[in-house]
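Assemble the whole structure, with the sequences as input and the hints as a guide.
Order-wise, the sequence lines are chains L and A. Heads up: the first sequence begins at 1 in my numbering, then just goes up one per residue. Heads up: the second sequence begins at 1001 in my numbering, then just goes up one per residue.
Don't read these hints as lab results, they were simulated from the structure. Hints are not guaranteed to be accurate.
When the alpha-carbon atoms are kept at most 20 Å apart in a straight line, the in silico DMTMM-like pairs for lysine to aspartate or glutamate are as follows [claimed, not checked]:
#1 A/Lys1021 to A/Glu1093
#2 L/Lys224 to A/Glu1093
#3 A/Lys1224 to L/Glu93
#4 A/Lys1021 to A/Glu1107
#5 L/Lys21 to L/Asp123
#6 L/Lys201 to L/Glu214
If you're wondering where the values come from, they're calculated on a predicted model, not measured in any experiment.
Protein chains: 2
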Amino acid sequence: MRSVVMHAPGDVRVEQLEAPKILAPTDAVIRLSATCVCGSDLWPYRGIEPVKNPVRMGHEYVGVVEEVGSEVTSVRPGQFVVGSFATSDGTCEICRSGYPSSCVHREFMSGAQADLARVPNADGTLVPTPGMPDADLLPDLLAASDVLGTGWFGAVAAQAGPGKTVTVVGDGAVGLLAVLAAKQLGAERIIAMSRHEQRQKLALDFGATDIVTERGDAGVERIKELTAGLGAHSVVEAVGTQESMLQAVRSTRPGGHVGFVGVNHDVALDGTELFFSQVHLHGGPAPVRAYLPRLIELIWRGEINPGRVFDLQLPLDQAAEAYRAMDERRAVKALLRV
Amino acid sequence: MRSVVMHAPGDVRVEQLEAPKILAPTDAVIRLSATCVCGSDLWPYRGIEPVKNPVRMGHEYVGVVEEVGSEVTSVRPGQFVVGSFATSDGTCEICRSGYPSSCVHREFMSGAQADLARVPNADGTLVPTPGMPDADLLPDLLAASDVLGTGWFGAVAAQAGPGKTVTVVGDGAVGLLAVLAAKQLGAERIIAMSRHEQRQKLALDFGATDIVTERGDAGVERIKELTAGLGAHSVVEAVGTQESMLQAVRSTRPGGHVGFVGVNHDVALDGTELFFSQVHLHGGPAPVRAYLPRLIELIWRGEINPGRVFDLQLPLDQAAEAYRAMDERRAVKALLRV
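What follows is the structure in structure tokens.
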């Protein structure tokens, strides 16, 4: 079967590899219908994270169950399923408290940019859709497996809701879908920080009420101006850099909430500033699995179209071009048809 | 009148100064009944914070209203009052959201280690007691003006409550009163981290169910052992150093809550660690004023005795000895009788 393998920064190839097998009785193997390239895949692609050995890429996936291990009871071959990038047993105390992405048996998915992929912890990870989806639903369902769920967590962690002014720092797929999530959660005002015309347009379509093009201190100043000098109630951080984290904390009013979902790289938060900012800070790998039933329902009913973040669709064989397009910011997010 | 003045690290004197006056129509002047030395007063005393000019010390206070400005309506001369170290107007949006310690008109109190003190924002800051308190209630009411309210905020920020295992890092007055607060808030299990016998005893009296003497990584390991490997639901950080902040974050389970109320000094939190820890982090200068009515009621009814943290009582004239005793850790907290 085909699999996308990263050999070194900038070096992504589609190779023929042996098909994955059931290794544990709790595993499933699924045949991918669609997969995609994640913003976090760009960290090693750009050499910011090391690539020591060739690695099978991909952790976002939708597809049809091909085979299940002997202990799997909640999904069966032939079902169309959506899963999370973080697998979870669904039964441990951390899962039950709403944090499956920190499950005590968590294994992060890999190798989903392929024809077939093995999914550990299948029972607690995979959610079957109500039926076999039409092709036009695939991008939406695929988005649910990571970027939508991550943006959703950002909005939940920032306590977006009725009466709240929400600011979103970052206009990648996650940031844009945090706008969509804030809208679904009932936020009164949603300020998207973006200087890219196309992304601004999508943010407005997803529910943004205001666009702020300034960044850093000027961006913070602008948010303060828009919020009677106080800062936003809720700020979603969807980048993961020092600048964006500070921008998020400083854009939040005392007692407000920062939801940070950009995977942090070289970020150091000053304790004194955090102390006197008096914000709530919460984030991390999104507990996507906890949201999947609701997200799938919203998609199935056609109430949300998160798949619009895929502004490039290519066959799996052209994965290298998908990476290049995202690296060069020619595409927000690239879907790979399998 | 007498006032405690710090001239340089280690140099604290009681001096005769001019009595404070009403400067703004929203001010009150109170005659102190008791005041005390704060752990945070030790930062400049130890030279960790600079002392550029001689400074009037003291921000914890209870006493009788002497005079009020023309716009003050909620307290009148002759009333016994308790206030917060952070003054607040009580009407701004931040106050109304429960964060008076970040009031847009906040002024931090100073000069309360004295016979008389000026309190800005009197209407939004001072809370009268139901009557003139007996002398034996003074330590309890004085504790409410800072250390009790701060420990309480730590426990609230850590979401201490029924069914929760709460860990308290720091066995100073604030940490000990965070134990008391966690108990009042209904926590199931309260683990106090302390290696001082006398403080351990007080922690147990205040409601601690377990004592952990280990610190740093060993302390984290011990908390994990006591919580099925997961970490505590709620952790209060009441020190403010890099080591104690890390100990707090690492002792908390994914999805759990860290309430940090130790004034941070030279703390830098690694974003990646915070991200993957998946904890909630909230803290800062405690919104004591928001809790005062409840705290005064609990004290008035004799349900809590937070004043037990004062293990040294001296007349105001001996303020220098009070500072020395706390600096040398001979006293948890020193009350000054005025």
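Hints versus structure:
1. A/Lys1021 to A/Glu1093: violated, 29 Å
2. L/Lys224 to A/Glu1093: holds, 14 Å
3. A/Lys1224 to L/Glu93: Holds, at about 14 Å.
4. A/Lys1021 to A/Glu1107: Holds. A/Lys1021 to A/Glu1107 sits at ~16 Å (cutoff 20 Å).
5. L/Lys21 to L/Asp123: holds, 17 Å
6. L/Lys201 to L/Glu214: holds, 16 Å
When each numbered hint is compared with the structure, a violation occurs for hint 1 only.
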